[in-house]
Amino acid sequence: MSWSLLATLRERPDDVRRMLRWRGYDESMVDQFMSLDSEWRGIKAKVDELRHRRNALSSQISKAPPEARGALIEEANKVLKELDSLNAELSRIEGERDSLLRRFPNLIHESVYSICQNESVESVALKYVGRPRVWRGYLNQLSGLGGVEPEVIDWQPVGHADMLEGVLGLGDTAKAGEVAGSRFFYLFDDLAWLNLALSLYAIDFLTQRGFRLVMPPHMLNYDVISSVIDFEAFKDAIYSVDNGQLYLIGTAEHPLAALYRGSELLEKDLPILLAGFSPSYRREAGAGNRDLKGIFRVHQFYKVEQFAFTLPEDSWNWHEKLLGNLVEIWSSLEIPFRIVLVCPREMSRTAAKQYDLEAWMPAQGMFREMASCSNVTDWQSYRLGIRVIRKGMKREYVHTLNSTAIAIERTITAILENNQEEDGTVKIPKVLNKYLEAFPKAPRDYIHPRGKVIRDSNGRVIEVRRA
RNA sequence: GCCGGGGUGGCCGAGCUUGGUCUAAGGCGCGGGACUGGAGAUCCCGUCCCCGCAAGGGGGCCCGGGUUCAAAUCCCGGCCCCGGCGCCA
17 MSWSLLATLR ERPDDVRRML RWRGYDESMV DQFMSLDSEW RGIKAKVDEL
67 RHRRNALSSQ ISKAPPEARG ALIEEANKVL KELDSLNAEL SRIEGERDSL
117 LRRFPNLIHE SVYSICQNES VESVALKYVG RPRVWRGYLN QLSGLGGVEP
167 EVIDWQPVGH ADMLEGVLGL GDTAKAGEVA GSRFFYLFDD LAWLNLALSL
217 YAIDFLTQRG FRLVMPPHML NYDVISSVID FEAFKDAIYS VDNGQLYLIG
267 TAEHPLAALY RGSELLEKDL PILLAGFSPS YRREAGAGNR DLKGIFRVHQ
317 FYKVEQFAFT LPEDSWNWHE KLLGNLVEIW SSLEIPFRIV LVCPREMSRT
367 AAKQYDLEAW MPAQGMFREM ASCSNVTDWQ SYRLGIRVIR KGMKREYVHT
417 LNSTAIAIER TITAILENNQ EEDGTVKIPK VLNKYLEAFP KAPRDYIHPR
467 GKVIRDSNGR VIEVRRA
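Position 252 of the first sequence, counting from 1, maps to 268 under the numbering used here, and the rest follow consecutively.
Any given hint could turn out to be false.
[Said to hold, decoys possible] Computed cross-link-like contacts, DMTMM-like style, restricted to lysine to aspartate or glutamate with a CA-CA straight-line distance of at most 25 Å:
1. Lys457 with Asp439
2. Lys443 with Asp461
3. Lys309 with Glu479
4. Lys468 with Asp178
5. Lys446 with Asp178
6. Lys407 with Asp330
7. Lys468 with Asp170
8. Lys309 with Asp206
9. Lys457 with Asp206
10. Lys443 with Glu167
11. Lys62 with Asp100
12. Lys309 with Glu437
13. Lys251 with Glu362
14. Lys284 with Glu412
15. Lys309 with Glu374
16. Lys251 with Glu300
17. Lys143 with Glu385
18. Lys143 with Glu167
19. Lys337 with Asp285
20. Lys62 with Glu105
21. Lys446 with Glu385
22. Lys60 with Glu27
23. Lys450 with Asp206
24. Lys443 with Asp206
25. Lys309 with Glu385
26. Lys62 with Asp47
27. Lys337 with Glu374
28. Lys191 with Asp206
29. Lys450 with Glu350
30. Lys143 with Glu362
31. Lys94 with Asp64
32. Lys443 with Asp220
33. Lys443 with Asp205
34. Lys143 with Glu344
35. Lys62 with Glu112
36. Lys443 with Glu165
37. Lys143 with Asp330
38. Lys468 with Asp205
39. Lys446 with Glu167
Just so you know, these hints were derived from the structure itself, not from any lab.
Full structure from sequences and hints, please.
Structure below.
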C-alpha cells in the first residue's frame with residue numbers, strides 16, 4: 017500500500033517541487049515535510065522502544081510473586097513518566113506533518129507538462145466541435161475558433177440573462193435576490209421543463225452506458241468534506257449549516273466519492289460507475305461582479321455527474337472514456353464547443369489531469385466553461401481510505417474520476433444564446449424531445465418569446481413589444 | 001425526542017460478567033502452494049496499520065477522554081445502527 021504523493025515525496029522530491037511550482041504553490045512545503053517526517057521517525061523509534069520496555073515490565077508483573085511486584089510497578093511508573101512527554105512530542109509532530117501533507121495538491125500527469133509547455137499557460141485547446149455562430153460585430157475581435165469557419169449573422173444575439181428575463185420572461189432573478197440574495201433565481205414554465213428534460217437526458221444517457229443512478233446526500237460532515245476537497249483552501253466556497261455541523265455539497269462528486277469511504281473493494285468490483293444527480297451549492301465568494309446577471313454563476317444549480325472508481329492502471333483510459341461521454345452528450349445538444357486541457361496553474365488541486373468543456377457563447381463572442389473532467393488518481397481515495405485488494409492480498413488505493421455530464425442551469429444559458437433565432441424564438445435540442453413529449457404542458461420544439469423583438473438598424477434588440 | 005439492545009480484523013462471529021499467555025478463537029471469502037490430465041474435494045501457508053535493509057518492535061476491537069504497572073474487557077462523553085413509544089412530510 018502506498019499513496020503516490022507520499023511515495024513521491026520520499027523518493028523523488030524534485031517531482032513534487034516541480035508540481036508545486038507549476039501550480040503556483042510554495043515549493044518549500046517539500047522541505048518542511050521532509051524535516052517533519054524524519055523528526056517524526058526519530059521520535060517514533062524512541063517511543064516504540066519505551067513502550068516495549070513498559071510492555072515487558074507489565075508482563076513480568078503479571079508473572080511475578082506478590083512480594084516482587086512493588087519494585088516492578090515503581091520501575092514501570094518511571095518508564096511511563098518518560099513515555100508521557102515523548103508521546104506528546106510525537107503526536108505534536110505527527111499532527112503538524114499530517115496537516116501539512118493534507119495541504120499538498122495532487123501530482124500532475126506527465127502529459128500535462130508537455131502539452132502546456134510552460135508555467136504561465138492557462139489552458140490548451142485540443143478539439144473543436146460544431147460551427148460557432150458569430151455576430152458580424154464580433155468578427156474583428158475574434159480569437160481562435162480552431163480553424164473552424166464560423167457562421168456569420170447580421171443580427172446581434174441577445175445575452176442569456178436578457179433572454180431569460182427580457183425576451184422569454186421565464187426567469188426572475190430580481191425577486192430571488194430580494195427573498196434570498198443575489199445569484200439566486202426563479203425559473204418558470206418552459207425553462208423549468210427544459211431543466212427537467214436536460215436532467216433526464218443526461219441520466220438516460222449514462223445509465224444506458226452502465227452508470228448506476230444515484231441521488232446522494234446534499235450535506236456532508238466535516239470529516240468527509242475535508243477528505244474530498246482541500247477544505248482549508250475552499251472553505252469560503254462552501255455553505256455550512258446546522259451551526260457548522262454539516263456542509264452543503266458543491267457537487268455530487270463529493271458524496272459519490274465518499275460512498276465507499278473506509279471500504280476495501282475486490283478487483284472484480286471495479287470499475288464502479290456512478291451517475292449522480294443532485295443540486296450543487298456554491299457560495300461563489302470572491303467571484304466579485306463576474307457573471308452577476310442571469311443563471312450562469314449561481315449559488316445553487318442541478319447537475320448530472322459522472323463518477324468512477326477504477327483500478328489504478330485503468331484510470332487514464334477511463335479519463336478518456338468519461339471525456340468521450342461528455343463530448344458525445346454535448347455534440348448531441350448541437351451547441352458548438354471546444355475541449356481544453358487545463359494547465360497546472362488553473363487546475364483543480366485534486367486533479368492530476370483535467371479537461372474542461374467550453375461552449376461557444378454567441379452573445380459574448382467567447383467560449384465559456386460548461387463542464388470539467390478530472391482524473392483525481394489516489395488523492396481522494398487515500399484520504400477516504402478506499403482500497404482494492406489485489407492479487408497476493410496486496411492493498412492499493414483505487415483511483416477516482418469525475419466529470420460533469422450536464423450542469424443544467426449553465427447549459428440552459430448556452431442553449432439560450434446558441435439556439436435563439438432572430439425573432440427571439442429558442443429552438444430546443446432535438447435529443448430532448450422524448451423527455452418533453454410525455455408532458456402535455458411542456459414545450460416540444462421551441463420556446464417562444466413573450467412579445468415581438470424589435471431591433472435597430474445595427475441588429476441590436478431595443479425592445480420586446482408584448483402582444 | 002424517550003426507553004431498551006448493540007457497534008470486534010474484507011464479511012460473519014466468539015471474547016466483555018471475574019482487566020494480565022488476546023500472539024483477538026472459529027467460520028466464510030480472497031491469495032499462494034501441495035495433490036490432479038484439468039476442475040472439484042482435501043491439506044498446508046498467508047490475508048489491519050506504522051517504524052525498520054533486516055532481525056524485530058509498536059499500535060489497533062465505532063470515535064474521544066479517564067482509571068490501572070496492564071483495557072476489546074472497567075468508568076465518562078459523543079456518533080451511528082436495531083427494536084418499542086412519541087412526533088411527522
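Hints, one by one, checked against the model:
A distance of roughly 23 Å separates the Cα atoms of Lys457 and Asp439; the hinted pair therefore holds under the 25 Å criterion. Restraint check: the Cα-Cα separation between Lys443 and Asp461 comes to about 6 Å, which is no more than 25 Å; the hinted pair holds. A threshold of 25 Å between alpha carbons decides the hint, and for Lys309 with Glu479 the separation of about 19 Å falls inside it, so the pair holds. Distance restraint check for Lys468 and Asp178: the Cα-Cα separation of roughly 14 Å lies within the 25 Å cut-off, and the hinted pair is therefore satisfied.
The straight-line distance between the Cα atoms of Lys446 and Asp178 is roughly 24 Å, inside the 25 Å bound, and the hint therefore holds. At most 25 Å may separate the alpha-carbon atoms for a hinted pair to count; Lys407 and Asp330 meet this at roughly 16 Å. The straight-line distance between the Cα atoms of Lys468 and Asp170 is roughly 18 Å, inside the 25 Å bound, and the hint therefore holds. Using a Cα cut-off of 25 Å, the hinted pair Lys309 and Asp206 holds, with the two alpha carbons roughly 20 Å apart.
Distance hint between Lys457 and Asp206 is fulfilled; the C-alpha atoms sit about 9 Å from each other, no more than 25 Å. For the hint pairing Lys443 with Glu167, the CA-to-CA distance comes to about 17 Å; that is within 25 Å, so the pair holds. Between Lys62 and Asp100, the direct Cα distance comes to roughly 12 Å. Compliance with the 25 Å bound is thereby established for this hinted pair. Among the hinted pairs, Lys309 with Glu437 is consistent with the structure: their alpha-carbon atoms are about 22 Å apart, no more than 25 Å.
At most 25 Å may separate the alpha-carbon atoms for a hinted pair to count; Lys251 and Glu362 meet this at roughly 18 Å. In summary, the hint linking Lys284 to Glu412 is supported, as the alpha carbons are separated by about 14 Å, within the 25 Å threshold. This hinted pair checks out: Lys309 and Glu374 have alpha carbons roughly 19 Å apart, not beyond 25 Å. With a C-alpha separation of about 11 Å, the suggested pair Lys251 and Glu300 falls inside the 25 Å cut-off, and the hint holds.
Simply put, Lys143 and Glu385 have alpha-carbon atoms about 14 Å apart, close enough for the 25 Å limit, and the pair holds. Distance check on the hinted pair: Lys143 and Glu167 sit about 18 Å apart at the alpha-carbon level, within 25 Å; holds. For the given pair, Lys337 sits about 18 Å from Asp285 by alpha-carbon distance, which is consistent with the 25 Å threshold. Pair hint Lys62 plus Glu105 holds up; C-alpha atoms about 11 Å apart against a cutoff of 25 Å.
Our distance criterion of 25 Å between C-alpha atoms is met by Lys446 and Glu385, whose separation comes to about 23 Å. The suggested pairing of Lys60 with Glu27 holds, with an alpha-carbon distance near 20 Å, which does not exceed 25 Å. A threshold of 25 Å between alpha carbons decides the hint, and for Lys450 with Asp206 the separation of about 15 Å falls inside it, so the pair holds. Between Lys443 and Asp206, the direct Cα distance comes to roughly 12 Å. Compliance with the 25 Å bound is thereby established for this hinted pair.
For a cut-off of 25 Å, the pair hint linking Lys309 to Glu385 stands: about 16 Å separates their Cα positions. For the proposed pair Lys62 and Asp47, the alpha carbon gap of about 23 Å is at most 25 Å, so the pair holds. For a cut-off of 25 Å, the pair hint linking Lys337 to Glu374 stands: about 18 Å separates their Cα positions. About 19 Å separates the Cα atoms of Lys191 and Asp206, which keeps this hinted pair within 25 Å; it holds.
For the suggested pair Lys450 and Glu350, the alpha carbons sit about 16 Å apart, so the restraint of at most 25 Å is met. Of the pairs offered as hints, the one joining Lys143 and Glu362 holds, with about 19 Å between alpha carbons and a cut-off of 25 Å not exceeded. At most 25 Å may separate the alpha-carbon atoms for a hinted pair to count; Lys94 and Asp64 meet this at roughly 16 Å. For a cut-off of 25 Å, the pair hint linking Lys443 to Asp220 stands: about 21 Å separates their Cα positions.
Annotation: proposed proximity of Lys443 to Asp205 holds, straight-line Cα distance about 15 Å (limit 25 Å). A threshold of 25 Å between alpha carbons decides the hint, and for Lys143 with Glu344 the separation of about 13 Å falls inside it, so the pair holds. For the given pair, Lys62 sits about 19 Å from Glu112 by alpha-carbon distance, which is consistent with the 25 Å threshold. In summary, the hint linking Lys443 to Glu165 is supported, as the alpha carbons are separated by about 22 Å, within the 25 Å threshold.
Using a Cα cut-off of 25 Å, the hinted pair Lys143 and Asp330 holds, with the two alpha carbons roughly 23 Å apart. Our distance criterion of 25 Å between C-alpha atoms is met by Lys468 and Asp205, whose separation comes to about 19 Å. The hinted pair formed by Lys446 and Glu167 meets the criterion: a straight-line CA distance of about 20 Å does not exceed 25 Å.
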